[in-house]
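Using the sequences and the accompanying hints, generate a full structural model.
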Amino acid sequence: KAGVTQTPRYLIKTRGQQVTLSCSPISGHRSVSWYQQTPGQGLQFLFEYFSETQRNKGNFPGRFSGRQFSNSRSEMNVSTLELGDSALYLCASSPAGRGTEAFFGQGTRLTVV
Amino acid sequence: GIQVEQSPPDLILQEGANSTLRCNFSDSVNNLQWFHQNPWGQLINLFYIPSGTKQNGRLSATTVATERYSLLYISSSQTTDSGVYFCAVFRTGGGADGLTFGKGTHLIIQP
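Respectively, the protein sequence lines represent chains A and B.
If you're matching positions, the first sequence starts at 1214 in our numbering and goes up one per residue.
If you're matching positions, the second sequence starts at 137 in our numbering and goes up one per residue.
The hints are simulated quantities; they were obtained by calculation from the structure and are not laboratory data.
As the structure is a computational prediction, the values presented were derived from the model and not from experiment.
A hint or two may mislead.
[What the hints assert, rightly or not] Not everything, but these chain A residues come out facing chain B in the computed CB check (under 7 Å): (1) 1252; (2) 1255; (3) 1269; (4) 1273.
[Stated by the list, open to error] Some chain A residues well away from chain B (every beta-carbon gap over 10 Å; in silico): (5) 1232; (6) 1235; (7) 1246; (8) 1250; (9) 1257; (10) 1260; (11) 1261; (12) 1271; (13) 1278; (14) 1297; (15) 1299; (16) 1311.
Even for Gly, the Cβ is constructed at its ideal location relative to N, Cα and C.
Pasting the structure below:
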């Protein structure tokens, strides 16, 4: 069974640009969550999608958004990039969210210059 | 929201030693997971253990939900065990309804 796949693995963007990250969950999993990891703030929850609907959202500005497609693949978008958005973005796949076991992808390392 | 504290923050051991990592959480939880973050950043699942005890090879974990803590035991450490170990909890209605992570324990196993 294939694991969680995130693309791209690495990305360099300029301040003010926007970026889209992609996550393909484990087959059969309907919940996809996104997390941001930085040295200063650690791992923080961004949002969760379930059956194409955003079910939960963490404490991040509206520049961070996402969506989920009918095949459960998810994308997250960050608009008007700031230097502080440089981070490792991790996607988690779980059967149903809400406390069911989460499995993480390899992450996308975003650098904003 | 729920608070998760991990201790110790750093741990340096010789190969072959045993270690115990602790995770304290501030409220009842529906889920608790232990992860090992590899050098490339991926979080590798170790245990899904909201309560009770589980073992997988040299690793075992115990969660005492009523006392709000979990322990991860690593026996006969190997250099490949080095890395950061995270505890993460989930509590329905506990705020953002995502996993809340501790700050991690950075483990270094020296040959």
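Looking at the structure, which of the earlier hints fail to hold? 1, 4, 7, 8, 9, 10, 11, 12, 16
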